[in-house]
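Enquirer: Required output: the full structure, derived from the provided sequences and hints.
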Amino acid sequence: MRRVLGLLALAALPVAVLAVFFVLPVSGMVGRGLWGDGGFAPGQVLEVLGRPRVHRVVWFTVWTSSVATAAAVALGLPAAYALHRLALPARRLVRAALMVPFVLPTVVVGVAFRELLGESGPLAGLGLDGTPWAILAGLLFFNVAVVIRTVGAAWEALDPRPAEAAAALGAGPWRVLATVTLPALRPAVVSSASVVFLFCATAFGVVLTLGGVRYASVETEIYLLTTTLYDLPAAAALSLLQLLVVTALLAVSARLRATPDATVARSVPRPTRVGARDLPAVGVTLLLLAYVAAPILTLVLGSLQTPDGWGLGNYRALGSTGEGSALLVPASTALVTSLRTAVDATWMALLLGVLVSVIVTRRSHGRAERRLRALLDGFFMLPLGVSAVTLGFGFLLTLGHLRSSPVLVPIAQALVALPLVVRTLTPVLGGIDDRQRQAAGSLGAGPLRTLLVVDLPVVWKPLLAAAGLCFAVSLGEFGATSFLARSDAPTLPVVIFRLLGEPGALNYGMALAASVVLAAATTVVMLLVERLRVPSTGAF
Amino acid sequence: MLSLSHVHVDYDGAPAVVDVSLDLPDGSVLAVLGPSGSGKSTLLRAIAGLEPARGTISWDGRSLAGVPTHKRGFALMFQDGQLFAHLTVARNVAYPLRLRHIGRTTRAARVEELLALVGLEGYADRLPATLSGGERQRVALARALAVEPRLLLLDEPLSALDAGLRERLAGDLAAILRASGTTALMVTHDQEEAFAVADRLAVMRAGRLVQEGATAEVWGAPADPATALFLGYARVLSGDPGRLVLGTERPYALRRSALVADVDGPLRGRVVSARATPDVVRLVVDLEGVGEVDAVAGPSGAYPGPGEQVRLRVDRGRVAPVGGS
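Chains A and B are the protein sequences, given in the same order.
In this text, residue positions in the first sequence follow this note's numbering: the first is 1, and each later residue adds one.
In this text, residue positions in the second sequence follow this note's numbering: the first is 1001, and each later residue adds one.
For the record, the hints were derived by calculation from the structure and aren't laboratory data.
Hints are supplied without guarantee of correctness; some may be wrong.
As the list claims (entries may be wrong) - So the derived list for chain A, only partly shown, Cβ under 10 Å to chain B, looks like this:
id: 1; residue: Glu156
id: 2; residue: Ala157
id: 3; residue: Ala166
id: 4; residue: Gly170
id: 5; residue: Gly172
id: 6; residue: Arg273
id: 7; residue: Gly366
To be verified - Which residues of chain A face chain B? A partial, calculated answer using Cβ under 8 Å:
id: 8; residue: Pro162
id: 9; residue: Glu164
id: 10; residue: Ala165
id: 11; residue: Ala167
id: 12; residue: Leu169
From the three backbone atoms N, C-alpha and C, an ideal C-beta is built for every residue, glycine too.
Expert: Here is the structure:
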């Protein structure tokens, strides 16, 4: 009983924060769908879901997400092998480079792909601009890193001996892969695939910038219904649908995220030399590298083009409010706002994330406690899947009176980043043998001292990595921020989106330049994070 | 026949196996014995084709260089079995049979036969996670034998088990290997395991092969003092102490029971410590002109306590010449 009370005390802060800033807004949003003007009216949800346009939107979301997920897995697996099992030169750098898209602001990616595929872009000949393929390319660009990270971390820690045993029993390399390695990796593959599907299905910035009004996913449709058509019940109905699907998917992925078998002694394999049969995997990795580099390069080149030739004019213009005063504040001020917000969001997410991680990884005594922990674990994962737009919109509905408060944006961003922190920390904390803590305790160390002696030495690096990840994610967060940022204090992604919507070559150039600045900032942060060599960073 | 000729293996840039040459006749069981870090496991992995090696590893005169692991026809059994956790016992054992496209009925019969051979009838549908350590090793053995390997490679097959089980399984392993006529190479750091299972011994130290031969030969004449001590001899005497105790200056290795307390014994000493075991009383005696040596006293009756004088005689059957002397 005392243990359960202790658990609840520890959980109080994260639960309270999540309740006020997550459950309340989301349920406010859902309530909007279920309660009409005249009371409880679930019928209007069904009416909305019966609309042909909604059918189209849902179908579009499902098929693009499925195809993008399949492609991410198909390309991510060989790359995970090449980057985590082979002794490739500069593989850490390549890993970091492939991780950059994941934290790149969605708006930036949208802009980059438009530059690449658009009328004057180098790949204009493919005629992909404005087609669903452009959206698919954007989704894949973002999410292949998730597969590489998750499967790669599992593959790296995979005991090589079962595979060796199979080889010694006469199984050829492909046979070993199919009968031993892939079954062992299945939890990681399925878990990353379900998370990628989730990310694709709730993608916002990419679909909005690349799809326009012609192609809408559930997420952008919610945005459109809210901000342009003011059809709040319909938006709420879609949010509700999304919430249900996402929760179901999260439950499935949590089930599949099987805990690794800690009972057997593992030997960590050395990376092997690259052999002839590894060439396809290396080829796929290089292809992905090119795929990631191409839009970014086009973006950089585009940002250096001014009406009067090559130059830094677009960057200099970031100190202004744009052509025809498109902005209320200069872009440079928005950058400062972004950085300041990211710092706030980072410490908030870390504070909550550490508490949550400690709560869910401590060993349970008894069934009630175990159930409670599992429940809390699932609860804290919810922000992972609930669309940022739903969250942002819910904030507006329920916490509207707080709207002028500057804390709203960092809190929303912290909630978006919270699952990433938890997913980075829990494998590490869970990997600490509880007997170490017991040993420290038996030697006379109090709980705090145990934390310092046993947990901290193992956790400080993942903690730093999580902080970096949070910072990068917060810098690029667009979905929730676009709802919440005050017009006189926008963040850089909001400014970029605004500039894109304004006429004028300078405004477009400024959007490109601001995107490069944002991308550079997140890239630097990710390179630093990669230096910490925490395998669980960005893995699910 | 397996032949190694001047085999070198580097592990992470450091030499792990240095210039090893040996032959293993068909049907024999060789134990490669060495302390941890002696390079014995690396040698085994090189034979299996899991580590790149220099020199020649050949089978029946044909070099295995360039032949990948799965085409060598050797089976490898790991310290902890390495069963495939997602397959049942029967499917684990059937795994190599499936690879060889053996029909369902033959396969089922063969699996049953193999499980009977290792004493695990009725375990077919269990998952590895539900088995004890000893059962897992038996399944691993059955799986390895299913290949009908030209050579069975065993990497510390019994080390992960507790003492009683290890002894029993060592006997079973020896019997199963002989019954199936399997040529085997076992790596171990435990000399008792080696004696129980193998009929040939190879001793490795610091990457080099120190001695190789029939078990009794190696045991009867260790190549050098360090080998003698590793094989379980208590002390090696040579020079003056050797002359005093054994009447020769050439080095001899003494087992712990080579000196026996005997009132008529020719050697005199003072007991430093005495420790009773179920069979005998083990003494440490300070022998004049020699220093401390191990000795035993009969199990029954009074035995000398620390500080007392004692007389000892040499049991000639429990000493062995060292270095081919």
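Enquirer: So, for every hint listed, does it hold in this structure?
Expert: Consistency of the hints with the structure:
1. Glu156: violated (17 Å)
2. Ala157: For Ala157 of chain A, the interface hint is violated, since the closest Cβ of chain B sits about 15 Å away, which is over 10 Å.
3. Ala166: holds (7 Å)
4. Gly170: Holds, because the Cβ-Cβ distance from Gly170 of chain A to chain B comes to roughly 5 Å (cut-off 10 Å).
5. Gly172: holds (5 Å)
6. Arg273: holds (9 Å)
7. Gly366: At 24 Å from the nearest chain B Cβ, Gly366 of chain A fails the 10 Å test, so the hint is violated.
8. Pro162: holds (5 Å)
9. Glu164: holds (6 Å)
10. Ala165: Hint on Ala165 of chain A: holds, closest Cβ of chain B at ~4 Å, below 8 Å.
11. Ala167: This interface hint holds because 4 Å falls under the 8 Å limit.
12. Leu169: Holds. Min distance 4 Å.
Of the numbered hints stated above, those contradicted by the structure are hints 1, 2, 7, listed in ascending order.
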